[in-house]
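Novice: Work the whole structure out from these sequences, hints included.
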Amino acid sequence: MSVPLPWILYLSSALFSIGVYGMLTRRHAIGLLLSVELILNASVLNFVAFGRLYGNVHAQAFALFIIALAACEAVVGLAIIIGLARSAGTVFVDRLTLLKG
Amino acid sequence: MPHAPDPALMLPASQLAWIPLLPLSAFVLLILAGRRLGALAGWLTVASLAGAGLLTARIAPAVFDGATLTLRWAWLLAGNAGWTFGLAVDGLSWVMLAVVTSIGTLIAVYSIGYMQGDARFSRYFAYFSLFCASMLGLVMADHFVLLFACWELVGLCSYLLISFWFEKPDAAAAGRKAFITTRIGDTGLLLGIFLLAASAGTLSFRDLAAVREALRPELLTLISSLVFLGAVGKSAQVPLHVWLPDAMEGPTPVSALIHAATMVAAGVYLLARTFPLFTPESLALVLAIGLATHLLAGTVALTMTDIKRVLAYSTISQLGLMMTALGLGAVSLAMFHLAMHACCKALLFLGAGSVIHGTHQQDLAKLGGLRRTMPVTWITFLIAALSLSGAPLLSGFWSKDAILLEARHVNPPVFWALTGGALLTSAYLLRLFLRCFHGSPSPDAQHAHRAPFIMALPLAVLAAGAAGVGLVGTPWAGHVFFRMLAVHELHEGIEWSMLALSGALVLGGAWLAWTVGVRRRNLLPRSVRPLGSRLYALAVNKYYVDEFFNGTIIAVTASGARWLAWFDQRVIDGAVNVAGLAGARLGFGHGWWDRRVIDALVNGLASVVRAAGIAGRRLQTGLIQQYLLVVVAAAVVLSLWLRP
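Line order of the protein sequences matches chains A and B.
Going by numbering that gives the first Met the number 0, 74 is the number at position 75 of the first sequence; the sequence numbering is gapless.
Going by numbering that gives the first Met the number 0, 353 is the number at position 354 of the second sequence; the sequence numbering is gapless.
Please keep in mind that the hints were generated in silico from the structure rather than gathered at the bench.
Among the hints, a few may not be true.
If you anchor each label on the Cβ, the simulated ranges turn out as follows [what the hints assert, rightly or not]:
1. A:PRO3 / B:VAL630: 27 to 33 Å
2. A:GLY30 / B:THR620: 39 to 45 Å
3. B:THR620 / A:LEU52: 38 to 44 Å
4. B:TYR626 / A:PRO3: 34 to 40 Å
5. B:PRO643 / A:ALA84: 43 to 49 Å
6. B:TYR626 / A:ALA78: 21 to 27 Å
Positions of the beta carbon are idealized from the N, C-alpha and C atoms, including for glycine.
Specialist: Below is the structure:
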């Protein structure tokens, strides 16, 4: 008994939309980072779903790569956030207007 | 005497140029580096003049043999025609060279003492050298153009030296007066030169005899009268004599050299040089002017109380005598008197300079009794005064009596007038002498100091000259002077009647000087005394010539100048101001256009760009979420639009 493909795609679309919505609305940098994780995981879910459909294992390899990449990205992102907290004294991204013209 | 002169004695003609060049180089050196030379400046001038004198002496034998030494060079050649000009020395020039170099040297030595301590000591000697160079050039010129150039140069030096103490307003004014007055005469000379060049085509003195043959007599009369006008200005003849008395504002040695001995005699030299141009009519004019000058200036000299002014009027009077001799046709006699007068008058002026130097006083009323305090000046002044008065056997006697004798032969009325002039001469000179050196000593005379040796030496040498040089024109010395001038009709022997007359005239003059000039006795009968005092007023006011000029020519010129100044200020300046105002208004309008239109366009463009920038800048907030929103919105729109 397997989960039908459309359901999985609905779930992945929902995850992606929630991620994008978080990206647009969050002010907190960690919130943003979490939203990026949601978007990445939505794409991982898509890879795995279509890999099962076509019986292809390359998709699962891709999913592993993306998870590793997401971990790296979280590390770099957190390091930037800590640096921001130290130097600018805030992690709310709308306060950070250093590049505003 | 056509024997060949000894070549060793001959001066190569090229060395002629050194005679004026020596003082000229002294001038250049002094004007460039005079300050550093200090007292040496005076000796440099003396050395250059003595050198020129030695060269003059070296050429004497050749000139005496009748040779004319020449040095010519081409100038303004155009095709075959053209002007050459150069230096030529014949007997006439040689006499002038000898006078200028010898008296110039002595006066330069005297000046070293006189100008001691003056702030512009070296400048004085620079001008002095330039004057001597120009004067030597003038008498050596063989061509009207070179002569005229030197003529103007001596005028310039005269101006510079009269107003040498330009801090005194009187001296500055006197310099201007001398320059402008002689310029009137110079204009005449220049016109004469133009006329000669246009009608005869030659300006060389060699060709004058040929010119006389070629031209019509009326034209010759006109040319020679114009040349004579130049001489009237330079030699201070009536009516252009007014500058010479004022010229006494200059240093006294300058008065001696320029305004007594040499430059003022240049007019006489000019007439002697250009004598072939003169016709009987123009000679009559010369005679009339000369005689009038001789007598009028003589009477004025009787009434002056300033030592130097007495001498200035005496100079004018003696120049008048020379002109009279020229008018009688006796060129050589005029030159003879010129040389003797140069000697005597230089000595008189240097004596007056010693008095002024010793007492700081030049008013006869404040002088007197200087005989004891200044013995050298006293004796030399006496010799000069007697010599110029014509006391027998002194230098002045020979020259003056030769002229009187000539007049007696040629024109008896002139002879009697000249006798009166001679009486005037001895009267004013001896009056000056007696009031200066005799009588009760004035306070200034008691504190007078003697002339230093350097000033006394030239006095002594000149006194010897004033006493003895005249012998060169006597039968006892074989008429050396006249043979130099190539004159061969000579009076042999001494005219004893003239000697007696001269002696009587000097004694008469001395008696008049003593009774009228010193003891103030009025010899006139009571009935003519009012007339006498009126004549005296006329003479003491110098015949109102200055007033006449002030009232006529100067007043007309001045009012013309005022009118022109008004015209200049109102019309010319007005036009200029209107043009300026128009320019300013135009500039103002242009500025308005520039600011309001051109600048507005430029600024407007800039504002548009800035406004666009301000608007565009709103887009770049720096908020990544806004950018993302745009990206997402665009993705949504694109995905809907690109839907298959």
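Novice: Please check whether B:THR620 and A:LEU52 have a Cβ separation lying inside 38 to 44 Å.
Specialist: Hint holds: Cβ distance 43 Å, inside 38 to 44 Å.
Novice: Given the hint of 39 to 45 Å, check if A:GLY30 and B:THR620 actually sit that far apart at their C-beta atoms.
Specialist: Violated: the Cβ-Cβ distance is about 19 Å, outside 39 to 45 Å.
Novice: Is the distance from the Cβ of B:PRO643 to the Cβ of A:ALA84 consistent with 43 to 49 Å?
Specialist: Since the Cβ atoms of B:PRO643 and A:ALA84 sit about 47 Å apart, the hinted range of 43 to 49 Å holds.
Novice: Quick one: are A:PRO3 and B:VAL630 within 27 to 33 Å, going by C-beta?
Specialist: 32 Å, holds
Novice: Starting from the range 21 to 27 Å, see whether the pair B:TYR626 and A:ALA78 falls in it by beta-carbon distance.
Specialist: With a Cβ separation near 23 Å, B:TYR626 and A:ALA78 satisfy 21 to 27 Å, so the hint holds.
Novice: Cβ-Cβ distance between B:TYR626 and A:PRO3: within 34 to 40 Å?
Specialist: With Cβ atoms ~37 Å apart, the hint holds.
When each numbered hint is compared with the structure, a violation occurs for hint 2 only.
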